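Asker: Just so you know, the protein sequences line up as chains A and B, in that order.
Note that my numbering has the first sequence beginning at 1, numbered continuously upward.
Note that my numbering has the second sequence beginning at 1001, numbered continuously upward.
The set of hints was computed from the structure by calculation and includes no laboratory data.
Remember, it's a predicted structure, so these values are computed and weren't measured experimentally.
Among the hints, erroneous ones may be present.
Straight line, CA to CA, 16 Å or less: simulated EDC-like cross-link-like pairs of lysine to aspartate or glutamate [claimed, not checked]: (1) A:60 to A:14; (2) A:57 to B:1073; (3) B:1172 to B:1015; (4) A:37 to B:1073; (5) B:1005 to B:1063; (6) A:57 to B:1112; (7) B:1005 to B:1015; (8) A:57 to B:1045; (9) B:1172 to B:1115; (10) A:72 to B:1073.
Label-pair ranges, simulated between beta-carbon atoms [what the hints assert, rightly or not]: (11) B:1129 to A:99: 29 to 39 Å; (12) A:5 to B:1006: 42 to 52 Å; (13) A:60 to B:1078: 32 to 42 Å; (14) A:3 to B:1043: 31 to 41 Å; (15) B:1062 to A:73: 14 to 24 Å; (16) A:42 to B:1077: 46 to 56 Å.
Ideal Cβ positions, reconstructed from N, Cα and C, are used throughout, including at glycine.
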Amino acid sequence: MDHKIRRIYVPMTESGFYILYCLQQPQHGYGICQQVKQMTGGELVISAGTMYGTLSKMEKDGLIAFVREDEKRKLYQVTSLGTEILNLELHRIERLYKNSRGENVNE
Amino acid sequence: MNSQKWSVRFFTVADYEEEEIWLRERHKNGWKLVKTFPPCFYVFESCAPEDVVYRLDYKNNTENRDYFQLFQDYGWECFNRYLGWLYFRKPVSETDTEQDAEIFSDDVSRMDMVDHIIKTRLLPLVIIFFCCVLPNLIRCINESDPLADFLTIAFALLFLLYLYIVLYCGLKLHKLRKKYNKRS
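Chain A on its own, in the form it takes in the complex (with noise of 0.2 Å):
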């Protein structure tokens, strides 16, 4: 993988992880948002600028990429790239809650 995408995405924003994270599956901006919002209890809402800026920057980088248009809609899902991203993050955060609740990582 590309030192520098690395750099740029481990670790990244909490905006960043979501939306990454939902893009498993194909979706677009919005049902991005809605989704985060209601698995995060409302607690975080991404914003329309915030969520343009994030989708346009991670589909240059080649994080994302456009699947098909649904009612004028551009749906976008991960790549491969994209997921190896998202599975050093996963593994990040998962070393984080278990160092936070005072337990070791064991290699």
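Since the structure of chain A is already known, use the hints to place chain B on it.
Answerer: Positioned in the frame of chain A, the structure of chain B alone reads:
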């Protein structure tokens, strides 16, 4: 037809937060913005007073159909384009959370917008200042015919104007960037 009113106001690339507050106040007082014209003209139309949030995004004409569709999905009305800026509004009654009234939900994206402004607006100004205004001023000062005197004054005024705008915008954008950076 509703009555219209023209206003004059100077707005630099670093004043978007004040612009949003000002437009919201005007709408509360029964005047909604219809259109803006360069360099400093605003056309308002009388309307029922309402609390409406105004937000400005800087895309420098890179916006496309998908961009507008997404903002529309979020309930934003895009009603004006002005020198790379897009003007959005949404009635407060249609927002359920504070974030619903924002177009950016994290400071990283706010900083991205400031960087975009610096790169496409401030930097060209600085380049014109150093490559055109300053060398011409120096050349005119060193010449001694009457036309050169006139040009010296013209370039001196241009020099001061440029210096003021570049310093004002540069410092203010730097401060905005610092504010966002500290929070994120």
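Asker: Determine for every hint whether it applies to the structure shown.
Answerer: For each hint, the structure was consulted:
| no. | hint | result |
| --- | --- | --- |
| 1 | A:60 to A:14 | violated, 19 Å |
| 2 | A:57 to B:1073 | violated, 20 Å |
| 3 | B:1172 to B:1015 | holds, 8 Å |
| 4 | A:37 to B:1073 | holds, 15 Å |
| 5 | B:1005 to B:1063 | violated, 29 Å |
| 6 | A:57 to B:1112 | holds, 11 Å |
| 7 | B:1005 to B:1015 | violated, 22 Å |
| 8 | A:57 to B:1045 | violated, 38 Å |
| 9 | B:1172 to B:1115 | holds, 13 Å |
| 10 | A:72 to B:1073 | holds, 11 Å |
| 11 | B:1129 to A:99: 29 to 39 Å | violated, 52 Å |
| 12 | A:5 to B:1006: 42 to 52 Å | holds, 50 Å |
| 13 | A:60 to B:1078: 32 to 42 Å | violated, 23 Å |
| 14 | A:3 to B:1043: 31 to 41 Å | violated, 52 Å |
| 15 | B:1062 to A:73: 14 to 24 Å | holds, 19 Å |
| 16 | A:42 to B:1077: 46 to 56 Å | violated, 24 Å |
The structure shown violates the earlier hints numbered 1, 2, 5, 7, 8, 11, 13, 14, 16.
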